[in-house]
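Student: Here is what each chain is made of, one letter per residue.
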Amino acid sequence: MQNDSAVESSFDLAPVAEIVASHAPFSEGDIIGALQDVQDRYGYLARPVVDELARLSGLPVAKFYGVATFYAQFHLKPHGKHTVRVCRGTACHVRGSPKIMDAVVRRLGIEDGATTPDRLFSLETVACLGTCFLSPVMLVDSRYFGNLTPDQAVKVLDNMGAKRAGQGTTHQEGTPTCPS
Amino acid sequence: MVRLTIDRRAIEAQPGQTIMQAAQDNGIQIPHLCHEPRLIPTGACRLCQVHVGALDRPPVLACATPVSEGIEVVTESPELAARRKLILELLLSEHRVACTTCDADGECVLQDLAYRYDAREWTYGTFPHSEPVPLNYTSENRAIEYDLEKCVRCGRCVRFCDEVQGACALTFDSRGIGARINTAYGRPLHQSDCELCGGCVRVCPTGAMREKAARGLGRRKDLTRVRTTCTYCGVGCTMELNVNPRLNRIARVTTEPGMGSNDGNLCVKGHFAFDFVNSPERLTKPLIRENGSFREAGWQEAIARASQGLAAARDQYGPEGLAFLSSARCTNEENYLMQKLARMAGKTNNVDQCATTCHAPTVAGLALSLGSGAMTNAIGEIKNVQTLFLIGANPTEAHPIVGLEMKKAMRKGARLIVCDPRDTWMARHAQIHIKHRPGTDNMLVNAMMNHILAANLHDQAFVAERCERFDALCENVKDYTVARAAEVCGVDAELIRRAAEWYAKGAPSAIFYTLGITEHTCGTENVQNLANLAMLCGQIGKESSGINPIRGQNNVQGACDMGAINTVLTGYQKVSDEAVRAKFAKAWGGALPANPGGRVTDFIEKAEAGELKAFYVLGEDPVLSEPNQAKVIESLKKLDFLVVQEIFMTETAKLADVILPATCFAEKDGTFTNTERRVQRVRKAVEPPGEARPDWRILCDMSTAMGYPMNYVGASEIFDEIAALTPSFGGISYERIDKLGLQWPCPTRDHPGTGFLHKGRFTRGKGLMHAIRHRPPAEEPDAAYPFMLSTGRTLYHYNIGNMTRKTASIAQKQNENFVELHRLDAERLGIADGGLARVSTRRGSLVIRAHVGDKVRPGGLWMPFHFVESVTNKLTNDAFDNITRTAEYKCCAARIEDAGAPRA
Ligand code: SF4
Ligand code: SF4
Ligand code: SF4
Ligand code: FES
Ligand code: FES
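Chains A and B, in that order, are what the protein sequence lines are.
To convert a position in the first sequence, counted from 1, into the numbering used here, add 211.
Take the second sequence: its letter number 593 is residue 586 in the numbering used here, and every next letter is one higher.
These aren't lab readings, by the way, just hints derived from the structure by calculation.
Predicted model only: the values in this text are computed from it and were never measured.
It cannot be assumed that every hint is accurate.
For lysine-lysine, the following DSS-like pairs were computed, each having C-alpha atoms within a straight-line distance of at most 25 Å [claimed, not checked]:
id, chain 1, residue 1, chain 2, residue 2
1, B, K405, A, K274
2, B, K576, B, K205
3, A, K274, B, K401
4, B, K631, B, K647
5, A, K274, B, K848
6, B, K759, B, K567
7, B, K376, B, K752
8, B, K576, B, K535
9, B, K471, B, K759
The shape of chain B in the complex, shown without the other chains (with noise of 0.2 Å):
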C-alpha cells in the first residue's frame, strides 16, 4: 500500500497505480480526455494535469505518473484551471461545436469540461466546418458514423480497437493539424478488420462517433437506459438497453466497465444486432391455422384450441404421446414453467431444449466424470490462466468476450495450445496449433495422455488422492501411442508432445472446448476424456485451473439448470430419485411423471413413426437447427397437433396448428445464467408488439387450460419457487442479483456464489477416470464423398439467424452463406474464390459462394448455418451422440464441384 493525499484527502493506493487510478478508485475525478480504465496512457490530452507538492513546480499528467509514498497531489488550482482552459479553447477552435443537434448533448465530456473551465470556442478563431462534410471510411457503413469535425484526437478508439479487441481496423491517419481516424487506405469500415463490436462508439468521450442507427431516436441523455443480460451467447454480457419511451424503441446499446464479467465489452451483436425486437415481422397476434392457412386469433381460442390438442394427445396416447421443447432462448422462470407444464399438465418427461443440439454431452459426461455439469472456471479467472488449452472452440466468434479474456491472458505472457481443424483467430495466434482431422479428437487426447504418463508429468497425488479407476484409464491409453496419434489425426507427433507436456506443465493450465468436442456420435466420450485429462494433470478444482465448456446460446445453461431435459429437475435433481419425486410431488400438488421421457432427436423420430402426436415448441426452429432436414419436416408433418410459440414466423412455425405469439428478451423480466453459471438479471425495457404475451404468461394460461392451475404475479415470484426448491440456487434472489450476478452453487442467503467448482472436493465425491476408445466419426470420406464437412456459426450472426439477420450493418458485413474450401482442392477442382460451388452430401445439395483458402485442411470443408434461404442442415448427417443423441454437426461425408463464375 502507497499513502498519499489527494486534494488533502488521505488514500491508500496500490504500488505501480497511477495517481488517476488511485483517484478514480476514490471517488476523486480528474478531468481527462484520452484517458480510459481499459487503455494504457498516452498523455495525449494534457487536461489531467495535477500538482505534485509545491504548487509553482511544473504539474504532471496524472494519467501517467505511478503514485509514490507520502506525495500530495493537488488537482484545482488557478493556474490548472488556466491550463486547461487553454487546451479546451484549442481544441474547440478545430471542433464543429454543434451541440444543438448532437446526439452527444449533454453527455459528451469536451461540453462538461468546456462548461466547467468556460472555455469559449472563438477565442481561438472559430471552426470553418465543411459542407457537405468530407467522405470518410464510415460514409458508405450502416452501422457506425464518424464526424472528423467532432473529432477531439484523443485516440481512444483506435487504442481500444488494437489494445482491447486485437482488430487494429482503426489508425490515426497523418499528424499535426490534418490528423484523423481512418482505416487504412480509407476504406470502408466493413471492408476493414472491423469486428464490428461498436467499442470505438462506446469509447469516444465526445459525438465524434456514433451509430447510424440511433440517429433520430432521441439524445443520449434523454434515453432511458435498462440494464440487462444480452440475449446472444452463454457469456451473458451486462448491457444497458437506451429506450426512447415515447418512441418504445431501444435506440442504442451501451455498457460501463465493471458491470458484469464482459467489463465493459461487448461484440457485435451485442452492441448491434437489436433491430430484430422492432422488426415489422414479429408476430402480434395468436394464429390458428383453418384449411391449410393461418387465421388470426384472440388469445382466449388460441389457448383453449392449443390446450384441447396437447391434452388430447396426452389422453389418447399417454405420456409418450406429446412432447415439449422449451428453449435455451427463453428465461430461467419461462425453463422452469415448461417444464412443470409438461410434467404435470402434459404428465409426460418428454422435455427437451436445444442442448441436446449442442452441449447435452458436457452435461452428461461432466456429470459422469465430476458430478456436475458446467464450466468450472469463471470468466474472470480466463486471464490468469498460464497455458490456455483449447479444442473444437472459437471463442474470438463464437463467444468474443470470452476470447477477449483470453487475449488478455495472451498479453499477460499466457502459452496458447488450440487443437481445431480450422485456422480460427486463436489457431493462428497459438504458440502451438495442432489442425488434427475432424474427428479424431479421442485419438489425440489419448496420446497426449499416454505421454503425459510416459514422461511422468501427471499429478500423482492428485489422481491418488481425488480420483479412481486410474489404473483402467492407464490401461486404456497403452496403446495410443503418439506416432499412432500423430498418422491418424494427421499432424506432427512432436506437436502433440509438446502440447502435452505445456499442457500438463502450466501454471495454471485450464481446457476450453464446445462444439467442436460435442456435436460428434462419440460426443460425450469426448468430453469424459478431457475430464480425464484434466484430473490426470491435477489441472482442475483451483482457481484458473479446470475444464471449461462454453454454452452457447443465451440460456442453455439455465435450460439445463431449469430441468428442461427429460432425466432432471431443477438443479440436476434425479427424476429417478425418490426422495426427489416426492420433494416435487409436494410443492407442484399431484404425482411426478413416471416415463423415461426422450431427448429432441427421439421426439423427431418419434413423430416419423407416428408415436408422438402433438408437440409444442417454444422458441426454438428445429427444421432449420436439427440436422438432415428434409426428414424433419417430414416428421413434422406426421403430427396430429404441433402448437408453436416464436417471435417470428419460422420454418417450422409454418407447419404448426396454433402459433401463439411471444415476447423477446427485451420486453419481459427475468432471469438468464450464463456459462459460468451466474444467474442475472434480464428486464423490460420495451412494451411487445401488438398482442405479443410474455412467454411465462402464455405457459401459465396453457397450463391452467390444461388441467393444471399456474398463476403467478411475475417472474420473481417463480424465480422464489425455483430457489425454494433447488438447494443449488437456494441463496439466489432478485433482490441479490439486481446489481450482478451470482455464481451457483449458491445454497444460502449469505452464500457469496462459487466462482470455480471441484475445491477440494468433486461434485460427484471422487473424480471418475474413464477409459475412451477412439471411434471414428458415423460417415467418413469415401470414393463418391471424398470430403469431410463441419459446421458451425460465425461471429456476425447467432444460431438460425431469423434475429441477427435482421439488423442492416450485420447484413452488410455478412449475408450470405459460404463454404470454406483449401486452395489446393479448390485449384485441383477448378473453383474460384469467391465462385459458386455445389456442395453435396448423401441426403441433399446446395449451391453457395466458396471461399478459398487455408483456412481448413485439405480435404476439409466448413459451413456456418445461419441462413434460412440456404440451409446448411439439408447436408448435415442425423447420426447421434451414443449417450445424449446430438447430432454429428462436426463429421460428414460431402462432395463439392464447381457451379458458376466468381463474383464480379
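Isolated chain A (complex conformation) (with noise of 0.2 Å):
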C-alpha cells in the first residue's frame, strides 16, 4: 500500500500510460527509456508519476527510483528549462563568487538547488567548473560565462527572459515531501 499524497491529484497521470504502452513488452532493460519519456512529459519525475509507472509497467517502483537517483540526467523535483551553475570553486572564491551567487539568488529570488516558480532557472552550485582561468564562472546549460561582475551575471539571466522575482505568476505544483 503506497502513501497517497494529496498532491496526486494534481497531476494528470493518463499519458503514463501511453508511455508504458510505448514500451510494451515492459521489461526492466526500459526503465531509463520510459523515465526520459515521463520527464520530457511532466519536466521531472514526480513521485505520482513515477508511482503511476511502476504501477502500470508490473515493476517495482523501487527500481524506476534507484536508476532515477543514479542518473544525473534525471530530476525528482521540478526543473527550470535553463540550469544556472555558479562555481563556488577555490579558484572563482577568491575572485569573488559569493557576490555572483548573491546577485543571482536576488535576481531569480530562489535559493541554491531550487526553480523559479515559472519553472524557467534551476539554480546550482558546483565545487569547480574546470575552467579556473575564466574565474568567477557562470554555467548556463552549455555556455560558459566568465571574469563575471555581479551585474553582468544579472544582465545574462535579463537577457534569457528572466521575470523579476515576486512576478511568478505560475504556482508551484506539487513538490512531493521526501523525507530524507
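Bring the two chains, given one by one in their own frames, into a single complex with the hints.
Tutor: So, in C-alpha cells, the structure goes:
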C-alpha cells in the first residue's frame, strides 16, 4: 500500500499509460527510456507519476527510483528550462563568486538547488567547473560566462527572459515531500 | 569435479562454483562484506581479492571468479593484506565508528576485519558525524532502523529484498559519496512495498540495520541464542530466539542459511511478532468463575475444580457428555497427552483440534484416495518443480517461505498456473491465472480431466499400474466439458485447456492447495478430485511432483498425527481397528472408549442441543474462529462446565468456569511437525510469566485428578512413548532431531526420514479414483444478498490475531479489518476506496473499511478474520463439509453498502 499524497490529484496521469504502452512488453531494460519519456512530458520525475509508471509497468517503484537517482540527467524535483550553475570552487571564490551568487539568488528569487516558479531557471552551485582561468565563472546550460561581475551575471539572466523576483504567476506545482 | 588448491590445501569443487563458494564449502573463510550465499555476486567490496597462480599477478575477486581445474589459490599475503587494509580504512573514513554503543559490537564483520588487518579509522580523516542523525525512510517505522553512518554500502539488503524476498522495497539512492539505502522517494518503510520480512536486518554485516524493538535489550554478542521452531505457520521455520536472560526477554530473532527448510529466511511474523510473549496481558494465575466474575486461585484449587467439573459430566452423562478441544498451536507431546486424557480420563473419543476448521478435508480426502493425508513432497523439492499448479492457495501471504521456494522455482524458469478467485501475488505473476468463481473448483478440475482424457495426455501406464476405478472417473468427467466449465466458472475456455495441458505435460508438475479447497461444503470432494488429477497424470509419488496441502497452523500436522481426532490414534491408526485398540489398551493400562465421538463443529451443535455438558478447550478460541459467532456463543453458554487453558483472556475464555494459565512456545520444550511432515524441536528460551505452567504439566495434573494418573519427567519422555506406539514415528528421538528435524514416516533408528510420499506404491496400495460431481456452495448469491463473500488470512497476522497484534511494528502495517471489492461494484454502489462499507449476511453485519480495486471478481467480496473488534465470523455461514464438518468459510451470500466517508 502506498502513501497517497495530497498532490496526486494535480497530475494528469493519463499520459503515463501511453508511455508504458509504447514500451510494451515492458521489462527492466525499459526503465531508463520510460523515465526519460516521463521527464520529457512532465519536466521532472514527480512521485505520483513514477508511482503510476511502476503500477502500470508491473515493476517495483524502487527500481525506477534507484535508476532515477543514479543518473544525473534525471530530476526528482521540478526543474527549470535553463540550468544555471555558479562555481564556488577555490579560484572562483577568491575572485568573488559569493557576490555573483548573491546577485543571482536575489535576481531569481530562489536559493541554491531550487527552481523558479515559472520553471525557467534552476540554480545550482558546483565545486569547480574546470575553467578556473575564467573565474569567477557561471555556466548556463552549456554556455560559460567568465570573468563575471554581479551586474553582468544578472544581465545574462535578464537576456534569457528572467522575470523579476516575485513576479512569477504560475504557482509551483506539487513538490512531493521527501523526508530524507 | 574440479580440483584446485586453496592455501595449499587440495580441495574439490563443483564446476561453476566460485572460488568463494568452494572455499566456504571447505570451511576456508575469505574476507568479504558484500558476498552472501543466497545473493548474486556484485563484486562491490573488493575485500575478497585472492591470488590465483603467481603472487605478482593482479589478484582476482574470489566471489566473482569461477573455479577452474588445477588453479592454486592464495588467500593471504602481505600484498592482499595491504589491499584489504586500504579498503577498510577508506570504509572507516566514512563510518561513524561507535562500537561502544553499537548493538553489533562483537558481531560485526567490519569491526572484525578492521581488527584483523589493523585498519585505523583516522587514516583518511575521521568521519564528521551529523547530530541529530538525519531522518530517513526508517525514522517513522517501528520495526527497522537504518543508520546511514554505519552503512558500508555492500548492497546486501537491497539484493536480499530484491533477489530473495522479491519485495524490491529498497534501492540505492544516488551514487558515490552520497549513496545510501532508501525506499522509492524516501517514503516510510511501512508505506513502501516492504513486507517486513526482516531479511535486510539479518543480512546486514554491520550495525547499520537493526530492529528498533531490540534497542537496549543487550548487545547481539551477549544474547543467548536458543534454536527453536516458529510458532506461526505450518512451514515451521527454524529460528534462534536471541534472549537476554537477565531481563527474561526475547530481544530479537535470527536464523542462518542451512539451518532448516527456511534456509535463512523468515516472514514478518517469524522475525517480528514476539512481543506477545512478554505482554502484560498474559494470564499469570489460574482463574475461577464465582458469582459471575473471575477470581484468582491457586493451582491445586483450579485443577481440583476443573477436574471435578469434567469428571461429573463424564460420570453423569457418559462419553457424549464431555468433549476436548486440543490445539494445533501446542506441541506434539501436548496433543498426545490431550487425546490420551480425553480417551483414558474422559473415557470419550470426543477429541478434536482446529484441523476441522481448516485441513480436515485434506486428512480425510487424501486418506481415502492415497492412504495418508499429508503434503507428499518436501519444501526443499519445490524449487525443482517445473509446472506449479496452485489452487486455492496464497503462499506468499499464508506460507511465506513456501512462497519464497516457489519464487526460486520461477527464477529457474518454472511455469506457474494459479486458480484463484483473487489476484494474489502468485496470480499476478502466473502465466495462467484462472480467476474462477468461488465454489466452482470441481467443475474446473473435472473439465481439466475431461480435456486431458480427450487429448490423451494422461499417464496410461501409471493409471493402469497404480490406480483403481479409472472407469468411474472417465464416466464421471464425460459431461464436464471445458465449454460448460468456462460458463460456470466464469473464465476463458482456452485458459482451462492450456492449464490442463501444461499440468499434464509438466516435467514435473506439482499441485499446491490450501483452504481455498478445503473450506467448502464439498471440501473433502475437492481434495479427492485433486488427487484424481494428480493420479490421472502420474504427477505424484516422485521428487518435486505430488499433491501438497500446505498446512495452516504451526502444528496442525502434528495435532492430527498425534491422534487428536475422534476416529484415529497416533499416526492415523484407526480407533475402530481391534488390534490397534488392544495395543493402546495395553500400553495405557485400560480399555479405550468405543463411542464414535465428533468434531468441534459437532461439539458446538451438541452443546446447543444440551447434550454436551462439559468442554475442555486448550489454546483455541472457537468464539472467534468458528463460523456464525452469535450461535457459537449461545451454544457455549449452555454448557454446564467450560475449562479453558490459554495464554490470553480470549473471547472463549471469558465464558469459562475455570481458566488455566498456560505457556507459549518460547517457554517450554517439545516438538512441532511442519507441513512437510518434519518433526522439529521446540525449546524453552524464557521463563513463563507468573504462575503459568507448561501445558503438558497441566494436562498430567488434570488427568491424574480425574482418576487416570499421568506422570512424566519431561517432554522427551512423552515423545519416546509416542515413538514406541506409532510406527511412522518409531525412528525419531530428540537426540536425532537435535540439529535438523526428520520427516515421517521414519520407522527405524537408522531410517533417514521420507522426503516424498508414495514412491512406487501408495500408502493404501493402489490409488483410488473417485467420481466427484460438482455441487454448488450451500448459500449462493441472490437478490437480497447478491455478493459472494470469502474469508482468509493476510501476511501480517495469525489466526484470531491475539499474538501478532501485540507487536507495534505489525500494527503499524495492518491494524484493522477491511473488505476487498471490485471497482465496478464500488462505483455502482458509491463506495469509496478507504471509505466505510457495511457488509451483511443472513447472520450478521459489520461496518469496515473498503479496499476497492480489481483483486476480487466483480460480485465477489473478501475479508480477513484477524480482528477481535470486528469479527468476520459474525458473517460466515455455519454450513459444513459433508464428511469432515469443516465450515464453508470461502462462500456465503452477502450484501455491501456505503457506510461513510473515506478516510481523511
Ligand atoms: S524487511 Fe524484507 S521486505 Fe522489508 S525492506 Fe527489508 S528485506 Fe525488504
Ligand atoms: S544497510 Fe547493511 S546490508 Fe545494507 S548496504 Fe548498508 S551495510 Fe550493507
Ligand atoms: S513462514 Fe511461517 S514459520 Fe516461517 S517465519 Fe513466517 S510464520 Fe514463522
Ligand atoms: S574554481 Fe571555479 S572553475 Fe575552477
Ligand atoms: S565479497 Fe567479493 S567483492 Fe565483496
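Student: Decide, hint by hint, whether the structure agrees.
Tutor: Outcome of the hint check:
| no. | hint | verdict |
| --- | --- | --- |
| 1 | B:K405 / A:K274 | 22 Å, holds |
| 2 | B:K576 / B:K205 | 54 Å, violated |
| 3 | A:K274 / B:K401 | 20 Å, holds |
| 4 | B:K631 / B:K647 | 14 Å, holds |
| 5 | A:K274 / B:K848 | 24 Å, holds |
| 6 | B:K759 / B:K567 | 19 Å, holds |
| 7 | B:K376 / B:K752 | 19 Å, holds |
| 8 | B:K576 / B:K535 | 34 Å, violated |
| 9 | B:K471 / B:K759 | 23 Å, holds |
Hint violations for this structure: numbers 2 and 8, all remaining hints satisfied.
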